Amino acid sequence: MRNRLRVMPRGVTGPEVRFGVPLGALAFALLLGAIILAFAGNDPIEAYRTMFDSSLNGWKAQSRTLALATPLILTGLAAAVAFQMRVYNIGGEGQLYLGAIGASWVGLALPASTPTPLMLSAMLIVGALAGACWALLAAIPKAYFNADEIITTLMLNFIALSLMNWLIFGSRSFWRDPRRPVPGGKRLPESAIMPSISGRLHIGIIIAIVAAIFLWWLLRKTSWGFQIRTIGDSPRAARYAGMSVRRKTMAVLALSGALAAIAGVSEVSGVTKGLEPIALTSNIGFTGIIVAVVARSNPLGVVPVSIFLAAIATSGSRLQSIGIDVEVVFLLQGLIFLTVTAGEFFVTNTVSLAHPDTSATGSPPTSEIKAAI
Amino acid sequence: MNDSVVILSIASAIVASTPILFAALGEIITNRSGVMNLGIEGMMLMGAVIGFWAGNTTGSLIVAIIIGGLGGVALALIHAVLAVTLRVDQTVSGLSLVIVGSGFSSFIGTSGEPSLLSARNGVDVTPLFPSALRDLPAIGPILFGHDLVVYLGVIAVITATYVLNRTAVGLALRAVGEDPASADAAGISVTKMRYIATAIGGFGAGAGGAYLTVAIVGTWQNGLTAGIGWIAVALVILAGWRPWLALIGALAFGGLNGLGFTLQLAQVNVPSDFLKMMPFIAAYLVVIAVSASPNRARRLAAPAALAQPYSREAR
Amino acid sequence: MAGEAPHLKVRNLTKSFYGVPAIDSVDFDLRGGEIHGLLGENGAGKSTLCSVLSGLYRPDSGTVSLDGEAVQFRSPQDASRHGVGMVYQHFRLVDSFTVAQNIVLGMHKKQRPRSMRQVESMVADLAEEFGLHVDPTASIWQLSVGEQQRVEILKQLFRGARILILDEPTAVLAAQETDRLFEAISTMVAKGHSVVLVSHKMAETMAYTDRITVLRRGVNAGSVTTASTTPAEVARMMFGDSNAAERTNYDAAQQVGEPMLSLSGVSVQGDHGLLAVDDATFTVRRGQIVGVAGVAGNGQRELQEVIAGLRSPVSGTIEIAGTNCTSAGPKQTAQAGLAYVPEDRLGVGLAPGLPLEHNIVLKSYDRSPHSRRGVLSDSAIEKTMNELVEKFDVRGNRSGMRVSLMSGGNLQKAILARELNEDHQVLLAAAPTRGLDMAAAEAVRSHIINERATRGVLVFSEDLDEIVKVSDVVLVMFKGRIVGSFASDELDLDEIGLLMTGSGAEIASTDTPTATSTRAGS
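Heads up: the protein sequence lines correspond to chains A, B and C, in order.
Under the working numbering, the residues of the first sequence are numbered 51 to 423, in order.
Under the working numbering, the residues of the second sequence are numbered 101 to 415, in order.
Under the working numbering, the residues of the third sequence are numbered 176 to 697, in order.
If we strip away everything but chain A, and leave its shape as in the complex, we get (with noise of 0.2 Å):
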């Protein structure tokens, strides 16, 4: 008879797995993508050196990856928020434009000579407003006849895509710039354009770490988080509890719907500085719910991770100039996605050889250990 693996659930599930895993799965995805590079007739480790130095060597190439990775802590942080609550949040995308939709509006609307601070905070509020708001269409049936968020949500990505693209392609409208011959958004005043830190690294980089401090200090350290946490982890045993599942339900997704939007106030004013519909689609919300999930949902955890996968997205420019393919970058994030994820079989069980006769058994459904006990 063969040998059969035995799989068991992990008893104690210490720092040593929680982080070893990801980090084993990320060398593993590394490993696969120089293999794939040394095929295409690359070599890899010159590869990976020029990737290294384009975006984490030096003051200029970090500042780069952290202009990239402001958007993906926000949409991380967003898609973590609701994962703590096991609430999927799939609508990262359209929450992201309806931030940049109301947040340019603000900027547009308001007199140009508005106080820089005040206009910010304008546009931050309305933005987040408008991203919670669309959150809720899927909250709200979510919250009252259990319609499934993930289809809900996904689905409002796609209405809220055609909505910006109307605003701009497709309609004379506030935000269209008419002077342009290709159609593009009116470009906001520059009172509301979060002040650069250095070349392409503006303020939103420190609004989306304060937002991850803040998160992890409300799930953690308030009585707030204390029933996200406890609802998360057993339904049953918070109603128990006597907490309602319905209210959270509505405002951890208001609550994720306003971080992604926040996502979408940042990327416009301080990197599109307008409401250009093709640079804000870049798989930024989606990305950010393979943040949440390698980083456990621990906000604080996000912040790392972000920068990270943007440290590789930088690194595709300077890739060029050895020979090798922009395209490259895409192949090694979309490797890292699948070898964490399917690191989290390796989290939560082990895995052994077993002998055929103890495996055929299997172990038996829960009911029958109680009664054998």
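Treat the hints as calculated values from the structure; they're not laboratory data.
On a predicted model such as this, the values are computed, not experimentally measured, just so you know.
Glycine included, every Cβ here is placed at the ideal spot set by N, Cα and C.
Treat each hint with caution, since some may be false.
To be verified - Below, a list of computed lysine-lysine pairs in the DSBU-like style, where the Cα atoms sit at most 35 Å apart:
(1) C:Lys284 to C:Lys366
(2) B:Lys292 to C:Lys284
(3) A:Lys236 to A:Lys110
(4) C:Lys285 to C:Lys184
(5) C:Lys366 to B:Lys292
(6) A:Lys271 to C:Lys506
(7) C:Lys644 to C:Lys506
(8) C:Lys184 to C:Lys284
(9) C:Lys285 to C:Lys366
(10) C:Lys506 to C:Lys566
(11) C:Lys558 to A:Lys271
(12) C:Lys566 to A:Lys271
To be verified - Computed beta-carbon distance windows for the label pairs:
(13) C:Arg249 to B:Thr158: 30 to 36 Å
(14) A:Val232 to B:Thr158: 36 to 42 Å
(15) A:Pro285 to C:Tyr193: 56 to 62 Å
(16) A:Gly373 to B:Gly159: 41 to 47 Å
The hints should help you fit chains B and C onto chain A, whose structure is shown.
Okay, now just chains B and C, sitting in the frame of chain A:
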């Protein structure tokens, strides 16, 4: 009369609906086994680039479709390993697949020598029926004007309906998607069924992507599918996981672009962006409506075990 | 009927889970053409024995032989090929499929008729033959529970089962459906099938079986011929010797005070559409421990949940310490003074993936000193945890460890610690010592008894010994009704045993304690 705008736009809607139909049909089979694969967009891109390459190399439409389909299968099997064997979250795994597919397809499309980006379409897409039939008034271009793959789509719908509803394999597949524990108790291998169904889903998406590049667009660009995979996801929900309704829905969605053009000629101004929203608004509303009414849910709703990993121990 | 060679012969069968034997050297004979009752308390090993017989588990040791030939079933399908079929209490039917589709699901090509129509007509014939009437074209979700059960039986007959194992088939049935089931079983036996009837219920076992085997704590406590035994003897085999249980903590000087928990005419709808609790009326007073005895599944869980505010009754009122708490919700119920130790520790009583300090303040996290203005005080929470860990002797916790890794006894002490630390007037404890080792069980019991000094206590347990040990008043629950009430000085264990299995009820009370069938929701 066969040059009239209405007839031409109906004919082009049929062609445009074919990739959506293949992808949606595959996803219906996958979903019916209880596996949710949100990675259609990624699998389509993969099929599109590989199919385009195969078409260029061989000049054959059908080879392009089959090779493209296998490209989709390759990605789908990754999903099956993650979602069925490793039981990771199916939503996350599916989304990863989208990003992997778009990354990998761009990589393949760019790094070939010569790059596929500059390649011309090497496949001659020829209508299946003789010109005598094609020239029939009105029904000629609509019914007889298309290439083989369009008709294969219809055959696939009939086959899928028959297999799902009338055969033992279909019964077993649906049982796995409705109630894996009962199916397991009846001696059906849940894992095997789900792997097969996921692979079929990948083939549908890959073949759809290949048809898109080879027969409709005629070139390869990065991110060429531009959301068609997501339309297929919406369509599966709208069709209530039934192949026949997916056929009708695919035709409707395939016709949306043409409809905008026709409406413009008729001086009715509906922005095309709103037409593009339609599938998603409809799917959004259907999900809510089904959830809100428990009775209708019985008939319309998703396979009961959709997106739930199955493990015998955790029963 | 007797005298034929045994159809199924089990010798020395042992099966352990994680080192704990669920059945230990069990012998069991099923003769051809008999109805054999298999009785025992929950956890006595009945399901394990049946699961081995039906091919779901492989035994650690021992032999099974069929018509004198040794057999080893590798899977339920394998058992089915040998003519052994099992009908589980929880049906294995696909809801959205038709009866006929469910019946052929998973059958091998060669055994299966070609067309569904053929299957439908064969099923209809089979149903006619055995009196198991059900429409083969109906979908499962359209059927009543009784009809679904018929489908399960038909499924086994269709596959050629000669030996049918029915796992508590009447647990989910209304009275009329029960009668029809036993008619069908008689028909099967008349046609040469043998039936193993797993049951908790004395009356039906005595009325319908030819022989009875009782399992107690994993061993065979005896096999008897039904005609030559009495309910009292069987009850004694099931629950043990009546002298064994002694009241260890009775205090005659204990004064009984005002009502702490009063139920009046409370009825609750169960998950199957039947009335799970039927007209429950009783009072728990200060200084009193009321114990509810009964075999699991007779409405205890629903009764607990309705008292705790997790369910709404269809009629009746519930008062806790003078406050009307009918349908009040868990929070108000707790505020009115109910401390609740639920039956399902890890599923309901605790958030299993979170650490102990989180669980210890699960009901007081939003109050001073654990939080101020919505901000948690980690130090205050830790202080509470350390105090309670000390006071209740909760062991095995490590910082940040998920609570589910602690042992059952420590989990239960943690829940008790949390619940008793709240302001409360009455303690509701369900299966408080189930699965605990002796020392932990004793500790939990002494906490419960201490409560009596100043408050009221309501305890549910399947362990009759325990109920008798701690209670001042014993109530017996059967099929959703309170069928007996005994003060501690007039306890009659034999009669309680009979009431628990339903046979005493028919003798004792004038109105038969059958749950009203409503069939709502079908």
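Results for each hint:
1. Proposed proximity of Lys284 of chain C and Lys366 of chain C is supported: the alpha carbons are some 27 Å apart, at most 35 Å.
2. Of the supplied pair hints, the one linking Lys292 of chain B and Lys284 of chain C holds, its CA atoms being roughly 18 Å apart against a limit of 35 Å.
3. A hinted pair counts as satisfied when its Cα atoms are at most 35 Å apart, and Lys236 of chain A with Lys110 of chain A qualifies at roughly 29 Å.
4. A C-alpha spacing of about 30 Å is found between Lys285 of chain C and Lys184 of chain C, which places the hinted pair at or below 35 Å, so the restraint holds.
5. For the suggested pair Lys366 of chain C and Lys292 of chain B, the alpha carbons sit about 39 Å apart, so the restraint of at most 35 Å is broken.
6. Under the criterion of a C-alpha separation no larger than 35 Å, the hint pairing Lys271 of chain A with Lys506 of chain C is consistent with the structure, at around 22 Å.
7. This hinted pair checks out: Lys644 of chain C and Lys506 of chain C have alpha carbons roughly 32 Å apart, not beyond 35 Å.
8. In summary, the hint linking Lys184 of chain C to Lys284 of chain C is supported, as the alpha carbons are separated by about 31 Å, within the 35 Å threshold.
9. About 25 Å separates the Cα atoms of Lys285 of chain C and Lys366 of chain C, which keeps this hinted pair within 35 Å; it holds.
10. Distance restraint check for Lys506 of chain C and Lys566 of chain C: the Cα-Cα separation of roughly 25 Å lies within the 35 Å cut-off, and the hinted pair is therefore satisfied.
11. Simply put, Lys558 of chain C and Lys271 of chain A have alpha-carbon atoms about 16 Å apart, close enough for the 35 Å limit, and the pair holds.
12. For the hint pairing Lys566 of chain C with Lys271 of chain A, the CA-to-CA distance comes to about 26 Å; that is within 35 Å, so the pair holds.
13. Evaluation of the 30 to 36 Å hint for Arg249 of chain C and Thr158 of chain B yields a failure: the beta carbon distance comes to about 48 Å.
14. Separated by about 39 Å at the C-beta atoms, Val232 of chain A and Thr158 of chain B satisfy the suggested range of 36 to 42 Å.
15. Between Pro285 of chain A and Tyr193 of chain C the beta carbon distance is about 28 Å. The supplied range of 56 to 62 Å is therefore violated.
16. Range check, Gly373 of chain A to Gly159 of chain B: Cβ separation about 31 Å, and the 41 to 47 Å hint is violated.
The earlier numbered hints that this structure contradicts are 5, 13, 15, 16.
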